[in-house]
Each structure stands twice: as structure tokens, then as C-alpha cells.
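Undergrad: Sequence lines, in order, name chains A and B.
FYI, the numbering for the first sequence is 1 to 371, going by full-length UniProt numbering.
FYI, the numbering for the second sequence is 1 to 371, going by full-length UniProt numbering.
Hint data in this document are derived by calculation from the structure and do not stem from the laboratory.
One thing to keep in mind: the hints can contain errors.
Put simply, identical chains are the same to the list, so a pair is met inside one copy or across any two.
DSS-like cross-link-like pairs, simulated, lysine-lysine; straight-line CA separation at most 30 Å [said to hold, decoys possible]:
1) K369 - K77
2) K369 - K232
3) K297 - K369
4) K140 - K45
5) K297 - K321
6) K297 - K77
7) K97 - K120
2 protein chains.
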Amino acid sequence: MLICSSLDEVKRRESALRFIANLLKGKERSSLYDLSGLAGGFPVKESDLPLLETYSGPAIFSTHLQEEGKKHLGGDKVAAFNRTSAAILATILALVKPGEEVLHYLPELPSHPAIPRSVKLQGATYRETDNLQDFKLTPKTSLVVITGSTMDHRVLPLEDFHRIINISQEQQVPVLVDDASGARIRTVIYQQPRALDMGADLVVTSTDKLMNGPRAGLMAGKTPLINIITEKAQQFGLEAQPPVIAGIVRALEDFTPQNLLNSLERRDHVYTLLLEVMGGVEKTPTGFMISAATLQKEITPEGEERSPRELATLMAMVLLKEHHLVTIPAVGMPGVSTTIRLDLSAADARRLDDSQIINAIRESLGRVKEI
Amino acid sequence: MLICSSLDEVKRRESALRFIANLLKGKERSSLYDLSGLAGGFPVKESDLPLLETYSGPAIFSTHLQEEGKKHLGGDKVAAFNRTSAAILATILALVKPGEEVLHYLPELPSHPAIPRSVKLQGATYRETDNLQDFKLTPKTSLVVITGSTMDHRVLPLEDFHRIINISQEQQVPVLVDDASGARIRTVIYQQPRALDMGADLVVTSTDKLMNGPRAGLMAGKTPLINIITEKAQQFGLEAQPPVIAGIVRALEDFTPQNLLNSLERRDHVYTLLLEVMGGVEKTPTGFMISAATLQKEITPEGEERSPRELATLMAMVLLKEHHLVTIPAVGMPGVSTTIRLDLSAADARRLDDSQIINAIRESLGRVKEI
């Protein structure tokens, strides 16, 4: 199999999807292990489905959402959005007027593009900094955003958190904490307080990051703010829909901080063992990855007969077809990343033991070398 | 039970939701009849759930979405959005620059607020008209929107449709048809062609209107336009999430034009019979309604001991508890409309025969008179 065009890539993806669809026929979900880290859980129960088919079902799940959401994030009131980016857009539209300013503090530049993009759309100005010296509000600042932890799980020190919230409170400017993964990383792993417990006015988190929920944004905070943000969201179609709300509720009910701690400990352990199988394997915040360049070095040290993309695709397809492990180079769209990532915080990782993971890598590596 | 405060309303709603939750325990969905018209279907199958729990499931449903969506709307490519309003926002952000103009033609003024609101957010200008004489593009017009049918199911005449599309095409301005309910009303009931088959560039429909799908927006049209709109949608978190896409796919598969025709015929028939039970009942586009004022005239012609809201609430609660019919005055939020609407295009209506509906109204009316 030579991957020389986008058409081959289309066929590769179709072949992978067909294999998975066949495997899942007859509900044999347990035969598949999705370690892509991008699955997004949808743990609604079969018994939830008939309820979702009525006007009242969503009303009942929305009530549960308030309870479970406040348990997770604190605050007075909760709202769910189609995505965290949608929650940020709704917040900026509700709290920032054209010509005003949003000031963004984060552990490391640059920002996720959703924040500057929404500010620009509203006709406001945007500044970002990762340096406390530069964190200065102006009379035009009407919203402060703090990123609690970056995509690489870099976390804002507690002291900086308090300082930024204090400065903003003194000037009566509301603070939104973008705690996409931070609402769990910061609290569970770094034992920091929840954003609202530190005095932030609003916090938003992604329910698919380090928890087994759908891709969506969950916001909590002060009731009057949540109310006006919700109104804006409904005007532009940004709020989470009932099936997604049901998924969020069930994911919040299932969330167990200890599982997250276990997956990080486990990552360190598996990583050490994997180094013996393959030198170039690298740690990620919640698992590990093998780049196509590493694969190439490992497999074809003498020549360059196969492209890195071809090798990564082969490896991912062997992992899928022989070990039922789903990774992105097998199922992603044409042109997708060629890095094989295995996420140990994925729900399916708990159904695999360490030796299964290591053997799958070792045997797949051997098979690709044969081919 | 006296409804004199919003607190009573909260209790009324909680009591209704509790009753429904108990009724549905053990999956007895068939014992409940949701005629609110606002349920929003979520007809995913139990066997879809394990698939939705993987990265690949959504990929598979997205492929089906292309097939089923194109069957329903025509066009080259399909995209799903969190709501029709979100689809309109994404389209305006993608196709209209600040300072340009959106011209909107509709069967009857005024527009749904989503369109002028999105145009304003983008810093463009907006004009709307329901008069062909006034439909004149300017050099700044970069998008024409046509509303195919209004919320009251008023439909644009075919001749006007063609004329507006021709004028816009001559000036190479793309046309988006907002066919929220029109994609079914216009084609199934008025036998007009699909919007894209008349030469429109884009069409968007609401998958919960006159079909048993989730609240969401389904768009179809020319590939390059769909691609740039999708990109904007993903930037701001406007695209439909995987569980909703699965719901749309199943609803499209289930959609049967004949059911819609039957429900309208049935509405006319049931309406005639209902007039004998209660004089003031009124037709709606897909069912009928009883206003609180009508109830008051019917029940307390001599005095005014009970408020219209109280009577409507009582009637809705009797319909729910004794006949298992869900209507909005029973389950809606505090302050919700006091009009009892029964939608015969709702999926559950097919499980009731005419006499059950008429008896439920007659007996509930009697019970409310007793109380």
C-alpha cells in the first residue's frame, strides 16, 4: 500500500471506518479500544433515549445539569454551550461593547484563537500577556480572561491567579477563567482551588477534556452574568442542545478524579517500559506519542524507501486491524497528523492492561518492518 | 390550586416533570403523548450509542449525513449546525464583509431576528422587503436571503422565487434560502421545487420542524461555499456535534412526506369535530390551539373567579395527568404561554386516534369545570 495521493488517503480512511463499523456490529463495543483522545464521550444510557424524545426530557436533564455542574465548578448557576468556543463568543458578545477592551492573561503565549477572534468580531480590542508586569487594566477594559492551563497542561501558578483576580476585582472588571482542561488538571493534579472559589466571576470548561463527555462547553458563575450570556447564546444558536446536555450530565455523574490521577501515574510507568521497545517514543500530557520521523528511524535506518506518512499510516492500520486500537493516522481525514498518539486518560484505556498496550506497539512495529 | 406567583409556576412545572419522569421509568415511552410540537426528535437507535462512543462513529454518521442530506435538500455538499440561527451566522460571517449589504426577501415582514442580528454583528447593512418592486440589489449587496415560508407557513409564490434568484444570479450575488420549515412545507404541501433545484446557492432547514429530528440546522449547496461556511462555523463553535448529527441522520432516514400530508388532512378533520366540543378552538399550521381566553369563556361564563393562566394550567395538568398528553402550559418555564397547542405533526400524534384526542379535550374540560 503506497500512500502517494489524497485519494489513497480517502481509501485508507474508508477502509478503517468500514473495519470499525463491522467490529461494532452487534454492539461489541468492548472489542474496540479508542485511544485517540478525541472520541468525546456520550455516556447517555439506553433508558435515557425515550426521555430525550419528549419536550420534558431536556427539562429534566437541564435540572440535573444545574446540580452536577455546580458540584463540578461551583458557582450559583450553570449553562451549557455547543462548544467552549461558543461559550467564549457568547460571553464576549454579552459583556464587552464595541470599542472596549479584553485583557487576557495566560501561562504561555499565544492564546487559543477563539478568544481574539470573538473580540475582533465584536469590534473590541484585545491584549494578551504572560507577564504579570504587563497585566494592566485600562479604563476601556471590560473583561479579563485567564487561561487556567494550556493545551500542553502548563498551569498558571496560584499566586498569579490570585493577583490577577484581585487587580480585576479592584477595578470591578469581571473575570472569566478559560479552564478548558484546567478545571480538572488544576484542581485534581495541582490541587489548586476551583476558579470560582478563588473569586472569578465565570469559568468555562470543555466536557471532553480529561473527562468522558461530549465536546461542549460548561460554564458556571454568578446568576445575573450567566443569564445575560445565556440570552446571547440563544440569540445566535450557541447553546448546547438536549442530547448533548444529557451526555454532559452523565459524564459529570461518572467523573472520578482518582481515574485521572491513575492515568497520569500509568503514563509514566508505561512510558518507561515503552522506551525499551522503541527509543523515540515521547510523553504527552496524558499519554505518549510516536512521530512519523521516529518510526522512520526505527524501521528504515539504512534507506528512505518509504515516506514517514506511509509508515505512520501502516503502523496505525496494523494497530487497528490486529489490535483494535484506534489512532488518528488510521481514521483521520486526508492530510491528518502522522503522529500516533495514545491517550491513557481515554475511557477505553482502562479496559487494557499495560502489557496489552506494549505488546500491541511491539508486534505492530514488527509487522510494519516485515511489510 | 391557585396560580398566583412565579413560585407556584415553578412547583407546577416540577410536579409535571416528576409525573412524566415516573411515567417513563421502565422505558414506557408509549404511555406518553407529547403533542407540544417542541419535543425535537432524537431517534438514534440503542445500537447507535456504542458507535457514538468512538472517534470513528461520528465519522461514519457524517458520511451518512452527506447521503441523506443531499437526498433531502439536493446540492453538492451538506453541513450540519447547532441551530439554524448558527448556520445563518456562519454564512454571514463567511460571505459578507463589514460594510457590505444583505438583502432579504420574505413572504411577509418582519424577518426572524437571527438574520438582521447576524448582519449587524458583522458590521454590514441589512434591508428586508416583502415587495418585489423594492427588491433592488446595490453594488454593496453581497448576499441575498430568501425566506421560503414563515413561521405561520405562509409560502413565497414560485414566480417570486424564480424572479429573485434570477435577479441575484445576474449580478452574481449568492442566494441563501432560509427554508426552516419550507424545505418540507413548500415541497411536500405546495409541490414547489427544492430551493437548490431552483438555482439557489445555499439552503438551510431546521431538522425539528415538520420532521422528527433534533433542533439543528442542516445546510446544503455548492461545495466551495459549504467549505468556507463550515470553516467559519468551526472557528466559533457553531457546527452540530456528533450526537446531534446522528439524530439528524436517523430523522432524515425516517422522514416520510406522506405522514406530513396525512397530519394536515387530519388536522382539518379533527378541527371540525373539536368545534362541537368547544367553540373557540383555532387552527394552527399543523394542529390546533385553545387560548386561555377561550377557556375562560367556556368554563366561567358568568364570573371571573379564576384567571386565564390558572384555567390554562389546570386544563394542561388534567390533560397530562389523566390523558398523558404533554402541552406547554403544563411543562413550560414559569411565565410560559397560556395557550394549549396540540401539534398533529408531532411523532406521538400517530399513536393516538382522533377520538382519543377529542375525548381527552372533552373530559379534561369537564374536569376543570368541576374543579
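Undergrad: If a hint holds in the structure, say so; if it does not, say that too.
TA: These are the hints, each one checked on the structure:
Taking the closest pair of Cα atoms, K369 and K77 never come within 30 Å of each other, the shortest separation being 56 Å inside a single copy and 40 Å across copies. Proximity of K369 to K232 under the C-alpha cut-off of 30 Å is found in neither arrangement, the shortest distances being 56 Å within a copy and 42 Å between copies. Taking identical chains as interchangeable, the C-alpha atoms of K297 and K369 lie at most 30 Å apart only when both belong to the same chain, with a minimum of 12 Å there against 85 Å between chains. Taking identical chains as interchangeable, the C-alpha atoms of K140 and K45 are never at most 30 Å apart, the minima being 48 Å within one chain and 52 Å between chains.
With identical chains, the CA atoms of K297 and K321 are at most 30 Å apart within one copy only, with a shortest distance of 23 Å there and 71 Å across copies. Proximity of K297 and K77 under a CA criterion of 30 Å is satisfied in neither setting, with 53 Å inside one chain copy and 41 Å between copies. Taking the shortest Cα distances, K97 and K120 sit within 30 Å of each other both inside one copy (11 Å) and across copies (13 Å).
Hints 1, 2, 4 and 6 from the earlier list are contradicted by this structure; the remaining hints agree with it.
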